[in-house]
Structure formats: structure tokens, C-alpha cells
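*Asks:* Sequences and hints are given; from them, build the entire structure.
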Amino acid sequence: MMAILVNEKSRVVVQGITGREGMVRTRLMKDYGTCVVAGVTPGKGGGEIHGVPVFDSVEEARESAGQIDISVIFVPAFLVKNAALEAIDAGVKLLVLVPDRVPIFDVLEIIRLARDRGARFVGPNTLGLVSPGKAVLGMIGGRAERAKEWFRPGDIGVSSRSGGMTSAISYYLTEEGLGQSTIVHVGGDAILGLSHPEIMELFEKDGETRMVVMFGEIGTTQEERVADLIETGKFTKPLIAFIGGKAAKSGTRFSHAGAIVEGSRGSYESKVKRLKEVGVHVADSVSDIPKIAKKLKNEKGG
Amino acid sequence: MSKLYEFQSKKLLKEGGIRVPAGDVASSPAEVREIAQRIGKPVVLKIQVWLTGRAGLGGIQFAETSEEAEDAASKMFGMKVKNFVIDKILVEEKLKIKSEYFAGLVIDDSKKSPLLIFSSAGGTGIEEIARSHPENVSQISIDVLTGLREYEARNLIRKTGISGKLLLQLSDVLTKFYKVARHYDARSAEMNPLVLTEDNLVYAADCHLTIDDYAVFRHPELGIEVAREFDRPPTLLEKIAYQVEEKDYRGTFYFFQMAEEVSKDEKLIGFHGAGGGGSMMSMDAVLARGFKLANFCDTSGNPSASKVYRASKIILSQPDIRGYFASGSGVASQEQYHSARGMVKAFHEEKLSIPGVIRLGGNFEEKAIEILGNYLKDIPAKVEGYGRRDSPEFCAQRLEELIKENQSACYEVKSVVDPALPPNCYFFETLTGKLAIDHEKCPDCGTKGCIEACKAEVLKLEDGKPVLSVSPEEAKKGKCTECLACEIFCTFHEQDAIFIHLPIPGLKEYREKIIKKNKA
Numbered sequence: 001m002m003a004i005l006v007n008e009k010s011r012v013v014v015q016g017i018t019g020r021e022g023m024v025r026t027r028l029m030k031d032y033g034t035c036v037v038a039g040v041t042p043g044k045g046g047g048e049i050h051g052v053p054v055f056d057s058v059e060e061a062r063e064s065a066g067q068i069d070i071s072v073i074f075v076p077a078f079l080v081k082n083a084a085l086e087a088i089d090a091g092v093k094l095l096v097l098v099p100d101r102v103p104i105f106d107v108l109e110i111i112r113l114a115r116d117r118g119a120r121f122v123g124p125n126t127l128g129l130v131s132p133g134k135a136v137l138g139m140i141g142g143r144a145e146r147a148k149e150w151f152r153p154g155d156i157g158v159s160s161r162s163g164g165m166t167s168a169i170s171y172y173l174t175e176e177g178l179g180q181s182t183i184v185h186v187g188g189d190a191i192l193g194l195s196h197p198e199i200m201e202l203f204e205k206d207g208e209t210r211m212v213v214m215f216g217e218i219g220t221t222q223e224e225r226v227a228d229l230i231e232t233g234k235f236t237k238p239l240i241a242f243i244g245g246k247a248a249k250s251g252t253r254f255s256h257a258g259a260i261v262e263g264s265r266g267s268y269e270s271k272v273k274r275l276k277e278v279g280v281h282v283a284d285s286v287s288d289i290p291k292i293a294k295k296l297k298n299e300k301g302g
Numbered sequence: 001m002s003k004l005y006e007f008q009s010k011k012l013l014k015e016g017g018i019r020v021p022a023g024d025v026a027s028s029p030a031e032v033r034e035i036a037q038r039i040g041k042p043v044v045l046k047i048q049v050w051l052t053g054r055a056g057l058g059g060i061q062f063a064e065t066s067e068e069a070e071d072a073a074s075k076m077f078g079m080k081v082k083n084f085v086i087d088k089i090l091v092e093e094k095l096k097i098k099s100e101y102f103a104g105l106v107i108d109d110s111k112k113s114p115l116l117i118f119s120s121a122g123g124t125g126i127e128e129i130a131r132s133h134p135e136n137v138s139q140i141s142i143d144v145l146t147g148l149r150e151y152e153a154r155n156l157i158r159k160t161g162i163s164g165k166l167l168l169q170l171s172d173v174l175t176k177f178y179k180v181a182r183h184y185d186a187r188s189a190e191m192n193p194l195v196l197t198e199d200n201l202v203y204a205a206d207c208h209l210t211i212d213d214y215a216v217f218r219h220p221e222l223g224i225e226v227a228r229e230f231d232r233p234p235t236l237l238e239k240i241a242y243q244v245e246e247k248d249y250r251g252t253f254y255f256f257q258m259a260e261e262v263s264k265d266e267k268l269i270g271f272h273g274a275g276g277g278g279s280m281m282s283m284d285a286v287l288a289r290g291f292k293l294a295n296f297c298d299t300s301g302n303p304s305a306s307k308v309y310r311a312s313k314i315i316l317s318q319p320d321i322r323g324y325f326a327s328g329s330g331v332a333s334q335e336q337y338h339s340a341r342g343m344v345k346a347f348h349e350e351k352l353s354i355p356g357v358i359r360l361g362g363n364f365e366e367k368a369i370e371i372l373g374n375y376l377k378d379i380p381a382k383v384e385g386y387g388r389r390d391s392p393e394f395c396a397q398r399l400e401e402l403i404k405e406n407q408s409a410c411y412e413v414k415s416v417v418d419p420a421l422p423p424n425c426y427f428f429e430t431l432t433g434k435l436a437i438d439h440e441k442c443p444d445c446g447t448k449g450c451i452e453a454c455k456a457e458v459l460k461l462e463d464g465k466p467v468l469s470v471s472p473e474e475a476k477k478g479k480c481t482e483c484l485a486c487e488i489f490c491t492f493h494e495q496d497a498i499f500i501h502l503p504i505p506g507l508k509e510y511r512e513k514i515i516k517k518n519k520a
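So the protein lines, in turn, are chains A and B.
Numbers 1 to 302, taken from the working numbering, label the letters of the first sequence in order.
Numbers 1 to 520, taken from the working numbering, label the letters of the second sequence in order.
Do not rely on the hints blindly, as some may be mistaken.
Stated by the list, open to error - Computed cross-link-like contacts, SDA-like style, restricted to lysine to any residue with a CA-CA straight-line distance of at most 20 Å:
{"#": "1", "chain 1": "B", "residue 1": "K455", "chain 2": "A", "residue 2": "G19"}
{"#": "2", "chain 1": "B", "residue 1": "K111", "chain 2": "A", "residue 2": "L229"}
{"#": "3", "chain 1": "B", "residue 1": "K247", "chain 2": "A", "residue 2": "P76"}
{"#": "4", "chain 1": "B", "residue 1": "K111", "chain 2": "A", "residue 2": "S264"}
{"#": "5", "chain 1": "B", "residue 1": "K477", "chain 2": "A", "residue 2": "G19"}
{"#": "6", "chain 1": "B", "residue 1": "K94", "chain 2": "B", "residue 2": "A22"}
{"#": "7", "chain 1": "A", "residue 1": "K246", "chain 2": "B", "residue 2": "F256"}
{"#": "8", "chain 1": "B", "residue 1": "K112", "chain 2": "A", "residue 2": "D228"}
Please keep in mind that the hints were generated in silico from the structure rather than gathered at the bench.
Note that the structure is a prediction, hence the values are computed from the model and not measured.
*Replies:* Dropping the structure here:
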């Protein structure tokens, strides 16, 4: 069985492990089965949190605890850039930036260094991701027993721009007996490490994933770019999408320049139109998603 | 995104070495006259609003003399333009313009980098020009690690057909422009028009910067009051709400008013969402039933019960709403009983007279719904709690039915009453308030349930009375999580001896104003 981005073998470091969220989430991730091998809080090296050794730097964690595949970052927003650059510099290839309110130019700098080093990240402003039955990163699902009850292993990939809706959609799928391969909250911000299109490309390559559900929202061009991928044959699996914000004021324009670059992209109408054009099943209500998924599954003979 | 006014943006450009017209901002016709006198040339008067197309709205006037300027200004001040009442006018020398250009910076979500756009044709209708004359427009993605280099700017401008000395002048302006935008963490920046005058000098004739809300903390010098996206200045109630958010780091609290002039609309309700996507979906559900929202509110990211309480109190400061709708994603990772307790305390204090539908799906929703069910029986209105299996559409329908049952009664805002605490009661400070216990009532208590209710374990029994088990400093620093469990237990099961005072600065005065206005 495969999954994208994380599985039970992924070796994880928690940056900010001694903080309010870091401490609680480390326990929850471990309870779920995530392989948390080290924690980092500068100045607090030498201790232990829920049986996880704490180090002063990511580099030291790697030297002592061995290979590190993923870093989950729980530091205050203004420290995120430093923590992320540190992890990338230490050779970590996947980061999860949980905090909200990270300055946008900080995110752009992280993206820039990540590109140079072949690293990727989920977030910022993400609840995290979970490969059901394997591992959870971040805070999605809350307590382990709840996460195990809500999310079940299966072949549907979930990618969502809303944290709460990531859980909600996955739970409604589980209720219908439809399990998930990996569930990703890409993050609530405009600029993301991995946005919907990149997640779709990963799901395309994942043998376990046979169908994908995407929760989109007004603003940004992510959903239109997913449509572009489908059009150019880079994403071929069945896709069910829901776009939030139908009734909200039509896409806030930053500026003339924004309008020149994006044209009409970003609005509810634009997203729905583009997705429908390329054959995506666009649900009118979130509660329709499991029904459509079930129907598609039956058509394909399970 | 926090928008800056033109006069603020130009000040930053000027500091960054870009030429802007001589002038200053005025708050009265007399000031306009003074500034015009100082300039000593024909002037232009520009209303300061976050809108484009001001000329068409009568917001740009020319004057030959300072008397004329004062005259024109006296008609402009107080003017209502969309959501703005004009209280500031920028007075500037009138430029003799030869040609107009456009420069704009945005953060491009597809390329994940800043993107600079330049057009050799600028001014009004730039979006149309860009569509019909693509040869006039060029763009470049900027490497955030190196910034915009002079030769990159030169190549960008060259492609629009500009050459010679002007090319050099403009590339210099653009590199400086990017530096200013980057320094101030601009989410977007625009000079439209950027002009060449008859004496061959390049001026930023208009400029608008929008600062990244998340980076406002780095720029206290900008004096941004409310770091939120608004297309108008924030209302008084929004400012009050923002103060609550600023003073409590636990979770996120957004609040903005949708209907500024609240009408006696039959379908007006107060809205309390949780989480961006869940809020949006819930909003779609109520709007689809024809409801109108007095406000949008979102408490999420694991907020404290006290923060949710304050959010409810702020929502209930809006007159004439007919119902209260709270709903999030439905499957929230956070423990839902914190929100339930916050609302219970608020609804009780307000003796809520309009129906509420509260959809609190997620971790421990059963307990959350039980809290709503158990403790809201004795308020005048009906409040129903729902969970993850109940759709937002169904909940919106329930609210409609309950409002009908309540004969669409309007909500009346009540005065904020300061609590009358017994003079000698035991108390300690919490992160954002004060917890008081009337120890004289404790001997009649059979359960001492407050101790068990306190999951943060900051209370212990001493001589049969609850007291702090940690130091007052620790309690104030956040050990007491303001979960409200002890107060709710004591109020409903025991002696009503515990009260947590959670002040909301400015709310008392605000409500008095609303009440007075409604009486008039």
C-alpha cells in the first residue's frame, strides 16, 4: 500500500516541540503511529518530550537521531522562516508549516530555498496531513482514536484548502464506507508550498489513489491550474470538486496588476466553469461528494 | 490586507528616492488653502479613499489659486463616496504631463514569486489597455533573494518600446519601487499613472500600497489600526473586536459587519462561523435560504472559551437581528465544548431573546451539544445544538423555523452591566480577565464540583473552599485557560459563587450609543 508524502516509515522531527501546541501534537502524532524520532527547541536540548529526545538544532537531531525525512514546524509565525530554512539546510526534504499568519515574503523566501535544495513543504497555515492507518502530521483529527475513527485507509485522495473541511469531507467519505489514501490540507494562505495542482500530480503518480476529492475556494488560481493539468493530460484520475464561497462577494481584487495577471480567474464562476469544461464532477453541496464518489466507484466496478 | 492611502504610500516612495508631486494631506478647507499657498502653483485636490476611478466620482478637482482650492475643498469634505466619508484631501502641485505609464507589483500564486508589470500606456482603463494592446505590457517574476536588478528592470521596460534616457530613468524608478514594496512587505503595490512631465522628469502621480496583514507587526511606523482586509475604514464594533483578537493569542477571531446601516430586515441574522472553509460553506447555506448577515465572524484555530464568549457578545451588540447562526466545518479537530461554554455564558448574560442554531460538529461534539442543551433552558429563546451528521442546510432550515416560531422578533441590544462582586470575595487574574469566588457561599456546596471541572488543575480545596493551586502569576500567564467550566458548573449545579469577568474594552460605550440611537 502506498500513499503520498508520508507513511508509517517516515522519520519525523518536530520543531518547537516544547511549545504549547508542539508538546500536545507530538503526543497525538505518536499515539497515531507517526514515527517521531526527534524534537528541536533551541536552548532546550538534552531533555525529552513524551519519550522523544530534544535537540538544540535540526542538524544535531540528524547527527544523533539519524535520518530525518520530515519536519513538522510548530513555532510562532515570525520564527517560521528561520525554522524552515534551518530544516532545509539540514537536508530535510519535506516540511509541514502549521502556523497561521506567516508573512508572505517569508513564505516566498522559503519557497526559493526549497527549490534550490529539492525540498517541498505543506502550508503554511495548515492543519496537516494524514495517510490513514499509517501516519499523521500536524494537528489534523485531534486525538488519535478520533482520527482513526474518522479517517480509514482506502483509495480516495483528498486535497483541501480548508482545514475543517478536510476532516469533514474525509469523515463523510468514511461514513459511506469509502476510505482515503492520503488527506492533505494544503493550507489556507494564498501562497503555498504545495498547492492543489502539485498535490494532484502526486496523487496521479500514487498507485493506491484511484480517485481524488478537492475542496477549493474562491481566490487564487489553484483550481484553474488543476483544470490546466487535466487538459494537458497530466492528471487523469476521476476528480470530484467543491468550490466554497459561491455567495461571498465575488473575488476581491488586489489591484489592476492582479486583474491583468489573473484575468477573470479566481472567481467562483471561473473555477466551476473551467473544472466542468475538463470533465471534473463539481458538487453543489459537500454532502453530495460521498454520493458522487460512490457512484463513480460503482461505475468503475469498485 | 491593510491598505494605505495615497498620501501614505507616496510618503514611502519619496523616502525610497522616487519623485512625487510636492504637496501634503489636509483635514480641513483651511488646511487645503495653506498647503496650496505653500505650493504657490495650480494644484490638484484628491480625496483619500481606497477606491479607483476617483475622477469619475468627483473626487479629483483642480484649482488655480489657494482661494479656489479652499472653495473646492469645502464641497469635497464630508462627501459620501461609496463606503467613505471624505475627511482627508491630498493637495498637490498640478503636473504638466507628457505621457503616462503603469507599474504594478503582485504576488503571483502560480509562479510563487513577486511579479512586476509595466505598461508604456497607463492611466485610467489600464486593464482594458492591457487586453487590447498586449505589446505595451510586459512582466517579470522577481527572485526574492536577489530583488529586482537594474538590468532586469531595463529589459522589462525595453520590451514595451521605450528607449534612451527615459528607459534609464524608468528602470531606476522601478528598482526603487520594488525595494520600497519589499521593505514594507507589500502584498500589492501600484503606480498608476507613473508620468513623464513636460520637463522630462518621472513622477509617481498616484500610488497605492497594500501591506501584508501578517507582516504589519514589523512596521509599527505605519500606524495600521486594524490589520484586516477592508474596502472601507473599520467600524467601531470592528475595532472593538480587533482589540479582543490582539489581546488573546489563542486561536483566531475575525469579525466584520456586512450591513453597516442595519435595516429592519426580516431576514437579518448574526453569523458565527468556525474555520474559513466551514464558515464559507455555512454562509452559503444560510444565504441560500434568503437570510442576510449582519456580520461575518470566525472563531477558529483552537480559540479559548473566553474568546468565543467575547465574539458572541460582540455579535449580540447588533440590533435587529432575528436569529443567531453558528456553524463550522462540522468535523472540527478541536474540542467543541470550549465554544459551547463561551456561548452559554454569553447567551445567559444577554438573556438571549432570539433563537439560535449552533452547529458544533467535531471532537467531543456530544459533550458540546449537551452543554448547550443543559444550560440554556431558562433563557427566553430557544437554542438548538447540532453536530457533524446535521448539514448546514438543515441547520439553516431549523433557524428559519425557529425564527418563525419566535414571530420574527427583533433583537434588542442591552446595556453592559458591570458585575457586582461581593466586596471581600476571593479573586485572581487570568490571561484576559478576572475570576472571583464568593467563599461565603461555599459552605452550602455539597459537590465541590468546581475542582473536578477545572481540567487545567489550577483550583484546589482549602478549608472546603476553592483556591488557586498555582501562583497568581502562573494563573495570569495562562495556566488558567479561561475554559469557563468552573463558573458554569457552580452557576447551574451549585451556589452561583463563581464569576469570571471578561471585559471587552469599548463595548459598554458602544452599546449605549446603539441603544440611544434606537430610542431616537
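*Asks:* It remains to establish, for every hint, whether it holds in the given structure.
*Replies:* To see whether the hints hold, each was checked on the structure:
| no. | hint | in the structure |
| --- | --- | --- |
| 1 | B:K455 - A:G19 | 19 Å, holds |
| 2 | B:K111 - A:L229 | 15 Å, holds |
| 3 | B:K247 - A:P76 | 16 Å, holds |
| 4 | B:K111 - A:S264 | 17 Å, holds |
| 5 | B:K477 - A:G19 | 14 Å, holds |
| 6 | B:K94 - B:A22 | 9 Å, holds |
| 7 | A:K246 - B:F256 | 19 Å, holds |
| 8 | B:K112 - A:D228 | 17 Å, holds |
This entry satisfies every hint, going by the numbered hints stated previously.
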